[in-house]
Amino acid sequence: MVSNEEVSSIIDAYPRDRRYALAVMQDMQRTFNYVPENGLIATAEHLDCSVAQLYSMATFYKALSLKPKGKHIIKVCDGTACHLRGANNLVTGVKRELGIVPGEVTADGEFSLELVNCLGSCALAPVLVIDGVYHNKVKIDAIPSILKEHATPVVTQ
Amino acid sequence: MTPTPDMTKILVCCGTGCIANGSLKVARAIRDEIVAQGVAATLDLLVEETGCSGMCEGGPIVRILPADIMYYKVRERGAKDIVASLGGDPLKRLLFKDARGERVTAQSENPFYAAQVKIALRNVGLIDPLSIDEYVARGGYEGLKRALAMTPDEIITEVERSGVRGKGGAGFPTGRKWRTAAGYDNYPKYIVCNGDEGDPGAFMDGSTLEGDPHGVIEGMVIGALAIQAEEGVFYIRDEYALARDHVQRAIEAAERAGILGDDILGSGKRMKLSIVRGGGAFVCGESTALMASIEGRVGEPRAKYIRSAERGLFNQPTVLNNVETLATIPYILKEGADAFASVGTETSKGTKVFAMVGKVKHTGLVEVPMGTTLRTLIYDIGGGIIDDRPFKAVQTGGPSGGCIPDSLLDLPVDFDTLKKYGAMMGSGGMIVMDDYNCMVEVARYYVNFLCEESCGKCTPCREGLRQMHAILTDICEGRGEQGDVELLERIGATMQDASLCALGKSAANPVLSTIKYFRNEYEAHIDERRCPAGVCVKLTEFTIDPEACTGCGACLRACPTEAISGAVKETHVIDSEKCIVCGSCREVCRFNAVVTEGRRA
Ligand SMILES: Cc1cc2nc3c(=O)[nH]c(=O)nc-3n(C[C@H](O)[C@H](O)[C@H](O)COP(=O)(O)O)c2cc1C
Ligand code: SF4
Ligand code: FES
Ligand code: FES
Numbered sequence: 113m114v115s116n117e118e119v120s121s122i123i124d125a126y127p128r129d130r131r132y133a134l135a136v137m138q139d140m141q142r143t144f145n146y147v148p149e150n151g152l153i154a155t156a157e158h159l160d161c162s163v164a165q166l167y168s169m170a171t172f173y174k175a176l177s178l179k180p181k182g183k184h185i186i187k188v189c190d191g192t193a194c195h196l197r198g199a200n201n202l203v204t205g206v207k208r209e210l211g212i213v214p215g216e217v218t219a220d221g222e223f224s225l226e227l228v229n230c231l232g233s234c235a236l237a238p239v240l241v242i243d244g245v246y247h248n249k250v251k252i253d254a255i256p257s258i259l260k261e262h263a264t265p266v267v268t269q
Numbered sequence: 003m004t005p006t007p008d009m010t011k012i013l014v015c016c017g018t019g020c021i022a023n024g025s026l027k028v029a030r031a032i033r034d035e036i037v038a039q040g041v042a043a044t045l046d047l048l049v050e051e052t053g054c055s056g057m058c059e060g061g062p063i064v065r066i067l068p069a070d071i072m073y074y075k076v077r078e079r080g081a082k083d084i085v086a087s088l089g090g091d092p093l094k095r096l097l098f099k100d101a102r103g104e105r106v107t108a109q110s111e112n113p114f115y116a117a118q119v120k121i122a123l124r125n126v127g128l129i130d131p132l133s134i135d136e137y138v139a140r141g142g143y144e145g146l147k148r149a150l151a152m153t154p155d156e157i158i159t160e161v162e163r164s165g166v167r168g169k170g171g172a173g174f175p176t177g178r179k180w181r182t183a184a185g186y187d188n189y190p191k192y193i194v195c196n197g198d199e200g201d202p203g204a205f206m207d208g209s210t211l212e213g214d215p216h217g218v219i220e221g222m223v224i225g226a227l228a229i230q231a232e233e234g235v236f237y238i239r240d241e242y243a244l245a246r247d248h249v250q251r252a253i254e255a256a257e258r259a260g261i262l263g264d265d266i267l268g269s270g271k272r273m274k275l276s277i278v279r280g281g282g283a284f285v286c287g288e289s290t291a292l293m294a295s296i297e298g299r300v301g302e303p304r305a306k307y308i309r310s311a312e313r314g315l316f317n318q319p320t321v322l323n324n325v326e327t328l329a330t331i332p333y334i335l336k337e338g339a340d341a342f343a344s345v346g347t348e349t350s351k352g353t354k355v356f357a358m359v360g361k362v363k364h365t366g367l368v369e370v371p372m373g374t375t376l377r378t379l380i381y382d383i384g385g386g387i388i389d390d391r392p393f394k395a396v397q398t399g400g401p402s403g404g405c406i407p408d409s410l411l412d413l414p415v416d417f418d419t420l421k422k423y424g425a426m427m428g429s430g431g432m433i434v435m436d437d438y439n440c441m442v443e444v445a446r447y448y449v450n451f452l453c454e455e456s457c458g459k460c461t462p463c464r465e466g467l468r469q470m471h472a473i474l475t476d477i478c479e480g481r482g483e484q485g486d487v488e489l490l491e492r493i494g495a496t497m498q499d500a501s502l503c504a505l506g507k508s509a510a511n512p513v514l515s516t517i518k519y520f521r522n523e524y525e526a527h528i529d530e531r532r533c534p535a536g537v538c539v540k541l542t543e544f545t546i547d548p549e550a551c552t553g554c555g556a557c558l559r560a561c562p563t564e565a566i567s568g569a570v571k572e573t574h575v576i577d578s579e580k581c582i583v584c585g586s587c588r589e590v591c592r593f594n595a596v597v598t599e600g601r602r603a
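Chains as they are written, first to last, in the working numbering: chain A, 113 to 269; chain B, 3 to 603.
These are computed hints drawn from the structure, not numbers from a lab. Possibly wrong hints are sitting among the right ones.
Partial selection, computed: residues in chain A whose CB lies under 10 angstroms from chain B [as the list claims (entries may be wrong)]:
no. : residue
1   : Val114
2   : Glu118
3   : Phe172
4   : Ala193
5   : His195
6   : Ile212
Remember, predicted model here, so these are calculated numbers, not experimental data. Each residue gets a CB set at the ideal place from its N, CA and C atoms; glycine is no exception.
The following block holds chain A by itself, in its conformation from the complex:
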């Protein structure tokens, strides 16, 4: 759960103008990994518009999600360049390791998988990005070790 205080600290930075709706929600997305319900309600109040209007934006724009994402976000680029150089294989590879398909989160909340469009590095396709770190020209057999690199280390007592 995200507290109302945390929500306010984001919203209050913006003037009371509808044009900032997308920016406010993008900030929440970045901070909380999703746009929480109390965030939507508070934003609607602040910008003097309806929750329904914000909800329609939150479901329209790909950058926003209403459900929390995993701790580590795996983005498999499925832009054209990456698609033609085997992006599907990367999805298969992640599925074989973690059992999730694009749009899903692992049961432990550790990883989520997203298919995204071009990440601007097409010349090095196929590209896979985890927590902002780029992996280029990825081959399916390299996926297990890449995932291991990003997993939260298990602390033994």
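Guided by the hints, dock chain B with the ligands onto chain A, whose structure is given.
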């Protein structure tokens, strides 16, 4: 530090591609080595992080000026030798090897760069994008100074005379667009930069914003003077964090330098710029949807009974231009309309930037005169197809464009020619495909993309795409039926006629152009239940040709599912039960021994 003409500059490419390849570490290592080796005592040195140098595939790229030595695929460990060799002979091993196997030193000796003419990208890869001083040292803001001495009408006339047309895809004459907006006496007016770059597989605009933000800012200010706007907005794609950061910092630098603000260079004119981060929706690249998105609404297009030039952003007169168009404007004002118009063809003046990717050897960012042929782009600049495999098609124009076959490679690329052949030049995405790419699957890919991106407001686009997607998926999965191709053509024609915005109107292009030029592939999927390219999983089975197999074991090591067995120097075998048809074996086989005839029942 302001650079002096004879100082040695080490340019380290820090565009998105090279950063992904570790170039930031290379820059740091070079700086450390300079200190460690104490070369600064004898050499006047400057290390700079630049925007994309073009040949991303050969990155990280390091270029030394004025000697003009260009190094490719530089790693951290190369820093020591690079610094040690300064002032002496270039390091052979890091130079580009041309088709004859010879090492070339200067940028212009590399065929990738030789045929290029840079106007929009004139500074990208050459300067530190965050240094306004360097931008000015290369003639930056000269065009603005000239514009400040002109009337709005004179600026527009200059832009009209140059013949420049919008590079965002539609090719609308920029001067005419500005004149329309200038004609309304309704203030405030706005100028908006379209940096949404929705084409999935293109990075021209992102690289331009990253590598030369002042160039685009200058274009915005000149446009604002022309239409008498005092406020401008950059709409930049959500994924382009680096581009946004550079534009933000460049805006701040321009404010401090008195180029933006309440008194542009002492002229008494005003200009304010801000950035809006896109929400990640392809349709928001469309003009009316983009403006809705800036206003804080859902990004849906509206019917254009009234043009944006009359009532656009916040219902006020608005000019929307693409990044590359705006980056070109300062050049036109500085060098003059005639200089610009001397490049290009009769109806398409100047140059065009392309993001050339896919199966070409040298992928990257290129800028060529309008009218350059596809063959020059792919073979001379791109170096041909990877592993010298057969060329199959080139896709231009992104999801709104089409696939062009081998027989049309000598067509000149400009706004008008490709349209006659069912494709379009588009905003600059150029994707090269070889015989391992399935054209039906490519069509399905674009339709799937558009299906998700259609805003759903009008029926032909929303439902047409959905039906096309279902049919194409069936064909790719072996459930295609006689008549499917004709049905796709009929749906496509309806979408072209009846959709509300250009997304829907052009959405059928990838399907219709692949049917037109690659009908045999559709037929193989439907009639013979096989995917000739070996891409569609359900219609592909890989086998190893015992004649060709040398038993080298490369495929065995590459297979992620351990489906391949065989002893060293003996013929290998693929277990089709375990095979997931990823194609890794085919990719690594140097003897073309992995073959596909389709799926055996
Ligand atoms: C669905 C759709 C997506 C578009 N995406 C972009 C885009 O990403 N970038 C762009 O500059 N223009 C895009 N356009 C074209 C713009 O609507 C507009 O024509 C262009 O930005 C105008 O600038 P220009 O005249 O300088 O080309 C798109 C159009 C449509 C219909
Ligand atoms: S053509 Fe498609 S994207 Fe455009 S308005 Fe209609 S449904 Fe929306
Ligand atoms: S298509 Fe994947 S990075 Fe551009
Ligand atoms: S990012 Fe370095 S060459 Fe393109």
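> Against the structure shown, which of the earlier numbered hints fail to hold, in ascending order?
Replying inline: 1, 2 and 6
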